[in-house]
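The whole structure should be built from the sequences, with the hints applied where relevant.
2 protein chains.
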Amino acid sequence: MIKKIKRFVFGKRLPSWEYKHQRLSKKIALAVFSSDSLSSVAYATEEILLVLIAAGAAALAYSLPISLVIIGLLWILITSYRQTIKAYPKGGGAYIVAKDNLGKYASLFAGGALMWAYILTVAVSVAAGVAALTSAFPTLLPYKVILALVALVLITVLNLKGTKESGIIFAIPTYFFIAIFFFMIIVGFIKYFTGQIVPMPMETIPVISGLTLFMLFRAFSSGSAALTGIEAVSDGVPAFKKPESENARKTLLIMAVILTILFFGITFLSLQYNIVPHHDRTVVSVLAQNIFGNNMFFYIVQTFTMLILFLAANTGFADFPRLSFFLAKDKFLPNQFTQLGERLVFTNGILFLTAASAALIIVFKGSVHNLIPLYAVGVFTTFTLSQTGMVKRSFRLKDKGWKKKALINSIGAVMTFIALIVSAITKFVDGAWVIIILILVWVFVFLKIESHYKKLANQLSVSKLKKPLKLKSEKHMMIVLVPSFHKGIIKSLRFAKSFCKDVKAIHVDLSGAQKEKLLFKWKQFKPDIDLIILDSPYRVITEVVMNYIDEIEKKNPGIDVTLVIPEFVPKKFWHHLLHNQTSLRLKTAIHFRKRTSYISIQYHLTE
Amino acid sequence: MIKKIKRFVFGKRLPSWEYKHQRLSKKIALAVFSSDSLSSVAYATEEILLVLIAAGAAALAYSLPISLVIIGLLWILITSYRQTIKAYPKGGGAYIVAKDNLGKYASLFAGGALMWAYILTVAVSVAAGVAALTSAFPTLLPYKVILALVALVLITVLNLKGTKESGIIFAIPTYFFIAIFFFMIIVGFIKYFTGQIVPMPMETIPVISGLTLFMLFRAFSSGSAALTGIEAVSDGVPAFKKPESENARKTLLIMAVILTILFFGITFLSLQYNIVPHHDRTVVSVLAQNIFGNNMFFYIVQTFTMLILFLAANTGFADFPRLSFFLAKDKFLPNQFTQLGERLVFTNGILFLTAASAALIIVFKGSVHNLIPLYAVGVFTTFTLSQTGMVKRSFRLKDKGWKKKALINSIGAVMTFIALIVSAITKFVDGAWVIIILILVWVFVFLKIESHYKKLANQLSVSKLKKPLKLKSEKHMMIVLVPSFHKGIIKSLRFAKSFCKDVKAIHVDLSGAQKEKLLFKWKQFKPDIDLIILDSPYRVITEVVMNYIDEIEKKNPGIDVTLVIPEFVPKKFWHHLLHNQTSLRLKTAIHFRKRTSYISIQYHLTE
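Protein sequence lines correspond, in order, to chains A and B. For what it's worth, our numbering labels the leading residue of the first sequence as 789, then goes sequentially. For what it's worth, our numbering labels the leading residue of the second sequence as 789, then goes sequentially.
No wet-lab data here; the hints were simulated from the structure. From a predicted model like this one, the values you see are computed outputs, not experimental measurements. Check each hint, because a few of them may be wrong.
If chains are identical, the list can't say which one is meant, so a pair holds when it fits in one copy or spans any two.
[What the hints assert, rightly or not] Calculated cross-link-like contacts (lysine-lysine; reagent style DSBU-like; alpha-carbon spacing at most 35 Å): (1) Lys-1292 / Lys-1279; (2) Lys-1263 / Lys-1382; (3) Lys-1305 / Lys-1292; (4) Lys-1342 / Lys-1260; (5) Lys-1289 / Lys-1342; (6) Lys-1117 / Lys-1309; (7) Lys-1275 / Lys-1254; (8) Lys-1252 / Lys-1292; (9) Lys-1303 / Lys-1243; (10) Lys-808 / Lys-1193; (11) Lys-794 / Lys-952; (12) Lys-1030 / Lys-1188; (13) Lys-1309 / Lys-1252; (14) Lys-1260 / Lys-1343; (15) Lys-1360 / Lys-1254; (16) Lys-1375 / Lys-1263; (17) Lys-1275 / Lys-1289; (18) Lys-1252 / Lys-1275; (19) Lys-1117 / Lys-952; (20) Lys-1309 / Lys-1285.
Next comes the structure, spelled out in structure tokens:
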């Protein structure tokens, strides 16, 4: 029954040889890995304008050069990540690059930062999608946490169905988003070149401070939100169809082109229309209204902006499980993260991501504004580490054109580092300190887990054992627990007799009620096994049995005692309530004993 | 650590031979078993007056004859219960009497009614105690449910410490209560005989209806609240010191005398003072104020009234666990209720009582008023059944003076039956229907449980087996699960080899990663056991192993397969998170297989 529901929701399970068919074509991969990145154009221009506005309306003009610098940085990063993909065709991303070039600790920082970045991607994008929805339908506002969790569960279920299936479903709205935004920008430019743009009347804006260099840095750092998500492709190379690395590089290039056009277009046109950022309306919606007027197209832009925000979460789902797989393979995360589930996805990674982002949504009450400051620091940390790693790699390998590569990556490293420092400083009190602590927590957890697995491997290592192995049979004793003489006991007695020469039957006497009956039947049936009656003045079974085993082990050094536990299995579940849980207690007690084992022998009741 | 806390709270555990020392002396038993009964004098008079007031102030005078009838009934019941105690010296009460004289179904009704009566005793008395407390300190009102639960837990803990210890602690306030009420009544009578009573001015009370016979019946039925709790002694005979039955009878007599004096005194004096019941003040508190004036004694009466209400719960705790023991011994309740706990009390019965009354308190939001209607029906059902049972017994045995006994019990049966019918009818919509359903639910549960135990006994019965028993050793096979070749496996291989001739090692190949290494080591170490590699296209272990066992069982009819499961036990608890729970899944799967058993062999990690 449960299985049927599972199959219905998630689809039939897939055999391992289907794995290669689960790969993504370039078209679908572009949609899956770019939705996070593309969603950032919905707010990146606005973030720049919001910083500049403090220096008055005239300062807004600086948004154009600043976005050109960001686009420049984007291309440096893209070039760099294309190199990374070539260098690490099995999937790279900051963790692998740092591990290969900067050593263990840098890689763990990159891994920790990336894990949080993906968790935050999911939490922020779901929260942002709900925020867009509730601003259209304010009556839904009290339910925003619930709505966010429902959306999260939906995205989770689709991802559990498989990378490919969720990819196809999520590709459609992503391409619609790209199409409508391209259309808007083309219409905008046509209007610009044909002189049809009617700028909005200049608002008088109070000048809070003069324009400072620091303000420009802050505007740059805030606008760098446009860069979040571009590392997604490099983390996900193994999800591509063959040739993986080739396809991934092409996809990354296409993504960069789209991103550049959208980001530049929106910033440029916003400036032409004199759009000033306001808290009650987004810059993109004002721009769409100016370009299209209040018609259908305006609402389509609005709808797909909302959808792309939700979809950005999917990028997190595409990459996080793979990242946790890499970390688990290197023993920094539990082994369970390496296991492919029924639908050939990393089920445990997906579920962990869902749980963690649900926790963030609940703790931050579904508010994007509270989550954003945590976001940037994580993203820029990974950029900086990955760029630095690539610089070091060039210096190490000194392959063809390494100086040029090193230069590009150095510029990338410096600029993302600036963005990192500026975000960390300007947003420190807003919550950036939290993410710094959280990354350190991950690093600590990684090291703790690694240490456990190392110790485990040492303890279990057979390298010092003699070859070939001699399985010497040592002294064994089996003890059968006999609460009363009934059919369920006989099988246990039979098993014990055939497994072991030295068998004892024991009965713990609680109240004397069972004892006489048992002794009588024992004499009748003569099972040819010694029956030992153990007194229990405190009416406990487990303790008395363990004491008896202690005694035997003391008297017979080197003996292996195995307790035979007869259990009957009731037909109906509620019948369990009518029987005491002695066998469970005995098993738990034996679990903590070094030398003792147990055999569980079931007797199934038929009614 | 947990053990130490347990010992500190509940005291050291007691050996079974201490049981007889846990018996109660008459003095303590009187306090334990009478607190419920005595607490009813705090409200019984008021209940009568509240019914009569509808017929105007003059009708209140009928309270005296009505209470005399109730006192008459009390003595009939006492006489009857004293006979019951003599007849059933191992503890009687309605359940045993009905079982012995009226058959199974009547006894189950009595048992169900008694169980609810005790659960309600606890819930009502705790709620009433809290109500008295919150009327003194109204700021506590919002916390009444929490306060009731805290009081309940406190009483539970004291009862878990042991019958004797809780008895001593609870005896002190009970005797203080008796003393101060006696003092009040004596002072009242002195004032009466010396003509010092100044009646309160007659209030003008609107006459709602004329005095009808039905109203008198209702007043009688409401006043019969004074009778609740008098069956407690008969249920608890085995708790008395030897000679149990003798001591119990004496105690019951003393209780009846005290109850008579208090109930009559309060009713009589209330009438002399023209006390009219009001919703904001209790009759007892008005009476105390009239007798003592507004001095210290008045407050002492108030305080001990509150305490006795709490203490009434203890009577429930003294009797319920023993009743559930009787029912469990007769297989109508789970076997666990027959087990004496560490402190020689029926721990499971106590905990069940706590849980059930806590549930009632929570469902009824800690309100006495909502619980009272449920109460009376249960109590009068048990009285009626127990009286009827005693009548039948007299007719059956026809011993010396049986006619007189039968007459007394018949009067008791009829009168309590009238009280039952009147309460059921007058309080039907208020909640009496709930208790009728709840009693039927218990009866259903009792029968279901009995049926399970009967079927169980049949299935496990060895009566048809040949004697002596021949433990034939049949075909056995052991299968050792080998995830990889490490130290933890070797012990399992060794055990299997020495227990069984036919041993196979199996490895479930999930990803191919472990397989090659394992095959290599198997060749190196040559453990002289066939290693079988099982493919798992869907990356599951349990299913593949079970299919393999199915196959073996099919090929070898009659074979007993035992799976050897090597487990390593991590040093620290959180390490469990770093390992998959395969062994748990395998054990669960085997639990549902009829022929298969498992051996669990632990390997303890040291760091």
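Q. If you check each hint against the structure, which ones fail?
A. none
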